[in-house]
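There are 4 protein chains.
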Amino acid sequence: MIIVMKGTATETDLQRVIQTVEELGYQPHVIRGTQRSVIGAIGDERGKARLQSLEAMPGVESVVPILQPFKLASREFKPTRTVVKVRDVEIGGDRVVVMAGPCSVENEDQILETARAVKEAGATILRGGAFKPRTSPYAFQGLGEEGLRLLAAAREETGLAIVTEVLKSEDVDMVAEIADMIQIGARNVQNFALLKRVGEVGKPVLLKRGMATTIQEFLMAAEYVLSEGTYDVVLCERGIRTFETATRFTLDLNAVPVLKKHSHLPVIVDPSHGTGHWEYVTPMAKAAIACGADGLMVEVHIRPEMAMSDGVQSLKPATFRRLMQEIAPFVEAAGRKL
Amino acid sequence: MIIVMKGTATETDLQRVIQTVEELGYQPHVIRGTQRSVIGAIGDERGKARLQSLEAMPGVESVVPILQPFKLASREFKPTRTVVKVRDVEIGGDRVVVMAGPCSVENEDQILETARAVKEAGATILRGGAFKPRTSPYAFQGLGEEGLRLLAAAREETGLAIVTEVLKSEDVDMVAEIADMIQIGARNVQNFALLKRVGEVGKPVLLKRGMATTIQEFLMAAEYVLSEGTYDVVLCERGIRTFETATRFTLDLNAVPVLKKHSHLPVIVDPSHGTGHWEYVTPMAKAAIACGADGLMVEVHIRPEMAMSDGVQSLKPATFRRLMQEIAPFVEAAGRKL
Amino acid sequence: MIIVMKGTATETDLQRVIQTVEELGYQPHVIRGTQRSVIGAIGDERGKARLQSLEAMPGVESVVPILQPFKLASREFKPTRTVVKVRDVEIGGDRVVVMAGPCSVENEDQILETARAVKEAGATILRGGAFKPRTSPYAFQGLGEEGLRLLAAAREETGLAIVTEVLKSEDVDMVAEIADMIQIGARNVQNFALLKRVGEVGKPVLLKRGMATTIQEFLMAAEYVLSEGTYDVVLCERGIRTFETATRFTLDLNAVPVLKKHSHLPVIVDPSHGTGHWEYVTPMAKAAIACGADGLMVEVHIRPEMAMSDGVQSLKPATFRRLMQEIAPFVEAAGRKL
Amino acid sequence: MIIVMKGTATETDLQRVIQTVEELGYQPHVIRGTQRSVIGAIGDERGKARLQSLEAMPGVESVVPILQPFKLASREFKPTRTVVKVRDVEIGGDRVVVMAGPCSVENEDQILETARAVKEAGATILRGGAFKPRTSPYAFQGLGEEGLRLLAAAREETGLAIVTEVLKSEDVDMVAEIADMIQIGARNVQNFALLKRVGEVGKPVLLKRGMATTIQEFLMAAEYVLSEGTYDVVLCERGIRTFETATRFTLDLNAVPVLKKHSHLPVIVDPSHGTGHWEYVTPMAKAAIACGADGLMVEVHIRPEMAMSDGVQSLKPATFRRLMQEIAPFVEAAGRKL
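Protein chains in written order, with this note's numbering: chain A, 107 to 444; chain B, 107 to 444; chain C, 107 to 444; chain D, 107 to 444.
Among the hints, erroneous ones may be present.
[To be verified] Computed list of lysine-lysine pairs in PhoX-like fashion (alpha-carbon distance at most 20 angstroms, straight line):
hint, chain 1, residue 1, chain 2, residue 2
1, A, K177, A, K367
2, C, K184, A, K112
3, B, K184, D, K112
4, A, K184, C, K112
[As the list claims (entries may be wrong)] Okay, the calculated beta carbon distance ranges per label pair:
hint, chain 1, residue 1, chain 2, residue 2, range
5, A, F183, D, E432, 36 to 42 angstroms
6, D, R255, C, N213, 58 to 64 angstroms
7, A, I124, C, E432, 48 to 54 angstroms
8, D, D194, C, E385, 56 to 62 angstroms
What the hints contain is simulated information worked out from the structure, not anything from laboratory work. Beta carbons are placed, not taken as given, at the ideal position from N, Cα and C, and that holds for glycine.
Kindly generate the complete structure, drawing on both the sequences and the hints.
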């Protein structure tokens with residue numbers, strides 16, 4: 107931590123800060139500059155947000171952290187890449203993994219028909235929401251437990267692994283019993299109670315970045331899960347909120363190399379939510395693979411115009427098949443396999 | 107809902123859309139323009155996000171909603187302003203209500219000393235976190251139940267009403283038993299399970315806007331609470347995330363008149379989180395009152411530089427006293443009382 | 107400047123950075139921490155963006171600037187507040203100055219009628235665009251030189267001072283000859299050639315913040331004008347671009363106390379462009395005054411629904427008169443006069 | 107244009123709007139809904155921002171434009187893709203074009219050495235700034251005319267075409283005389299005077315998206331150039347401003363498919379400015395090609411740590427050579443050539 111003093115700070119101000127730095131358990135080191143002094147506070151600052159409060163002291167201009175705040179999620183802690191196994195599917199390994207399926211599980215025909223279609227096209231994990239976080243309390247909220255049962259039936263028939271979202275702690279056990287991978291959605295990325303509860307269960311976790319979550323905060327959210335003992339965490343970029351309205355969100359592919367630089371965890375990309383328009387899904391899927399993503403999450407619906415949710419961004423089975431064909435040469439260019 | 111067709115849409119495309127609009131229970135009305143056609147879908151579209159999915163149909167360029175999606179929170183539904191009563195304090199009435207206290211309850215001396223100080227300066231509600239949502243799993247997470255007990259003790263001594271945050275459904279009953287007002291924090295504004303659970307309890311709710319929550323989504327979050335039968339909801343603007351880094355967040359005071367235009371619910375402002383720097387709290391508190399806020403939420407700490415959290419944005423008791431004096435003429439200018 | 111080394115940096119990496127710091131004319135000062143080393147580079151770093159390039163060296167994690175980059179605009183350079191005189195109107199002194207008028211000068215009747223109305227209501231400076239920056243090349247681009255002539259006629263009749271925008275260097279002399287204050291619009295805040303050219307002329311300058319300009323960049327833009335010898339610069343907050351669409355821009359009133367803290371220049375606020383809706387102009391005008399603004403810029407049009415530009419955010423003369431009445435108590439609460 | 111009336115609008119309000127719509131030259135068409143009425147205004151609305159001002163009328167809730175405002179830049183106007191020829195290099199055709207070179211031309215050795223290196227690695231256009239837009243007036247502002255002369259010398263020796271930025275109208279002729287392609291930088295994307303002046307000259311134009319420019323505004327900026335008769339315009343995505351600080355800007359690759367959908371103009375990507383860190387340049391270059399970009403603009407410097415500007419994001423010649431090798435399979439996967 108570096109404490110920058112104001113140009114007008116007095117010697118007394120400086121001494122008081124030095125003393126407080128020592129009280130907090132750090133070793134202060136003063137550099138007296140031509141315009142102002144700075145104090146380096148030596149010691150492991152991670153998890154010690156309290157130093158930041160020194161900005162409230164007289165004469166202090168700002169407090170600048172030096173270390174990244176995450177530990178278990180960092181590449182310094184674990185330099186080798188993590189491979190997360192979901193049933194027999196490995197995420198973060200040689201293969202680019204494609205998860206596909208409808209936004210919501212709506213009924214048996216819909217989920218079975220979709221499951222068969224995405225399996226045939228090459229997906230290895232089936233996505234589908236049984237519990238849906240909806241902006242409106244009047245909108246379809248998912249089939250709940252019945253939705254889980256239908257997902258299990260689809261797995262039974264197709265052999266696809268299942269990822270589905272959990273919205274509250276009380277449902278974690280129920281979801282964990284059926285799902286092969288538990289999803290924490292964008293709106294819950296800083297629902298710390300849920301992160302901890304899911305981390306206790308031990309099932310692989312798919313953690314989606316929130317729409318206003320910085321990459322540092324995203325890794326801190328992963329740290330919550332990891333620190334409960336669940337190391338199988340996959341990060342998912344799904345679009346951030348910006349001023350641009352031509353797309354529903356702004357899919358931030360930069361996050362892929364940035365996350366790969368700072369963390370050992372696998373990273374996948376959801377171009378369906380990220381762009382919000384089915385026409386942009388395939389080009390952005392290709393781009394995600396090109397910049398190093400370990401996988402994709404894609405919404406597929408058998409009749410998008412009648413979807414209970416997110417129809418605009420869903421691909422029809424035939425379009426999804428084409429997506430799988432079109433991404434193939436990019437997967438190969440990335441030195442990987444589908 | 108207005109469905110805008112592409113310039114290249116065929117008559118068949120148009121007819122199919124018309125038919126689907128009818129299937130979904132709306133009455134279609136076509137306007138044939140010089141460049142393209144548009145279809146007005148007449149019927150109550152609120153809560154019916156499904157029409158949006160028509161964007162997936164061939165020949166459709168975009169689907170534009172006409173009605174705001176909230177009902178119970180809207181001024182159309184209830185034209186008179188709501189006054190929320192928290193013990194004997196009325197929020198949304200003649201008086202500008204000031205809630206003050208530390209970010210976290212840290213120990214008995216700290217909360218009692220702070221409570222006495224803010225009461226003496228004129229605050230009528232004590233804030234203080236027993237359960238803290240922290241970005242880092244290694245940071246202080248609050249005293250929990252013991253914190254609630256200390257808040258109750260502070261109320262006992264000072265007569266101040268208490269507002270405190272709840273993080274998870276399992277804790278709602280425990281918090282509701284002691285708190286006079288339950289706070290839902292910015293990170294949980296779209297934790298729909300928590301919103302519903304809190305709405306069931308019937309205690310007054312303080313709902314904070316999320317850092318990337320649009321005003322429409324914010325009112326939809328309130329709608330979740332209202333639709334469970336709790337009508338005592340106070341909205342709190344506390345800063346949104348933008349590119350600007352000179353302040354921790356960008357306190358969006360525009361939200362005050364916008365919320366007042368669309369909703370009957372009281373609106374307060376938190377300039378402490380909104381700016382993240384104690385020096386900006388007083389000027390922005392004045393501005394909040396000037397643009398119509400019904401109250402303020404201000405962080406006060408007896409020794410900010412040693413605070414377990416958010417020290418930089420906390421006022422010392424003496425500075426808070428000055429804030430109360432300095433806002434007084436603006437409260438009067440606004441035709442209200444403290 | 108603080109150079110933070112990576113945890114994996116070698117002693118050789120460190121020595122090379124030290125050597126380069128010296129080559130660039132700074133005195134290096136090393137702090138060896140438990141996790142990594144940091145180097146303080148002592149010397150006046152302002153204007154020396156080159157140190158930032160050290161981030162490209164092996165073993166360097168980041169380079170953190172310590173000093174704010176502006177000089178002439180800073181309060182460290184000039185602790186007393188600047189008062190800018192536009193004809194006989196003082197901006198930054200005891201009085202809150204109100205500039206009002208139409209977005210565009212459209213014709214003689216319109217500008218004269220508006221000038222009389224705003225003068226009568228209490229405005230002291232007339233705004234009006236002769237040269238208009240329009241998003242569309244097909245939109246009305248302003249009356250140009252004829253517009254300037256009409257503004258002069260309005261000044262002649264009413265005695266109001268005139269502020270008007272200049273879009274290109276070639277027009278600066280023509281505008282300067284007639285206008286009492288030259289406006290640089292939001293879209294030109296980083297048109298450095300124009301900033302310099304306007305700075306050479308010596309007339310008072312009204313500099314509007316860009317929609318994506320940080321406060322630091324905004325003060326650097328002012329620095330361009332100041333460094334050409336024009337010290338009469340007034341800063342104007344007019345809304346930034348965020349994800350929120352309920353307002354046209356997000357008027358960032360936080361900028362007022364932040365600018366006041368870092369700079370001696372006067373600060374005014376434009377709630378018309380900042381919100382984009384006439385209904386929000388008056389509440390935000392009050393808020394601007396409450397948080398310390400030295401003045402307002404307000405759009406007034408005699409028939410907004412027929413305006414050539416920006417009708418939605420324009421006040422009618424009667425509404426403007428009411429705004430002037432309604433802000434009066436807030437001006438007084440702020441210890442100032444109209 | 108669709109005019110949405112308020113639920114509380116009276117019949118008189120409605121009739122007045124209808125009358126005004128007619129006065130403005132449109133044909134009104136009323137749909138009376140269950141909750142409110144809407145009026146479709148039929149006629150070519152492009153370039154007629156004036157309809158928007160109807161929002162100021164009593165009883166009007168909002169005015170919703172239906173048509174995109176650009177004409178010449180749109181695919182509706184010109185369905186076939188435009189190929190821009192810069193000397194003998196075709197942008198928008200089969201080949202992915204790579205422009206590379208230093209941020210600033212610093213001296214003869216630097217530009218010649220860099221030109222040779224990027225040519226050898228496979229670039230076909232040399233970039234380099236002679237006139238530099240710098241945030242600080244104290245920073246290096248470019249070599250000016252001497253810089254142009256050095257670029258010409260580099261072309262002479264290597265045969266590379268030259269693209270360089272122009273900052274003001276007065277310099278356009280001078281730059282046009284030497285450059286093969288004129289660049290308009292991000293900060294000038296809405297400097298409409300400069301756009302028009304450059305459009306008059308007829309040289310190919312490289313137009314960079316501003317950091318807060320929506321895609322619609324970006325195409326309107328292109329429209330300014332096109333409407334002056336210059337059809338050879340290449341669009342360049344270079345990062346937008348968001349809350350994320352892990353990258354300097356947020357490179358918005360979504361813009362590539364969105365621009366391709368709406369416009370016939372070629373689109374290239376600048377991952378150097380877009381990310382601000384050399385380590386992220388290569389992955390994002392691959393992603394740009396994968397989602398359909400027609401080319402790249404990459405900063406290369408022979409000694410980044412000593413660069414006068416933007417060293418952090420510049421590649422060394424060896425790294426650039428590696429980039430060219432690494433993108434090759436992605437270019438092929440995209441069905442194109444280098």
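We went through each hint and held it up to the structure:
no. : hint                                  : verdict
1   : A/K177 <-> A/K367                     : holds (14 angstroms)
2   : C/K184 <-> A/K112                     : holds (16 angstroms)
3   : B/K184 <-> D/K112                     : holds (16 angstroms)
4   : A/K184 <-> C/K112                     : holds (16 angstroms)
5   : A/F183 <-> D/E432: 36 to 42 angstroms : violated (28 angstroms)
6   : D/R255 <-> C/N213: 58 to 64 angstroms : violated (49 angstroms)
7   : A/I124 <-> C/E432: 48 to 54 angstroms : holds (51 angstroms)
8   : D/D194 <-> C/E385: 56 to 62 angstroms : holds (58 angstroms)
Hints 5 and 6 from the list above are not met by this structure, while the remaining hints are.
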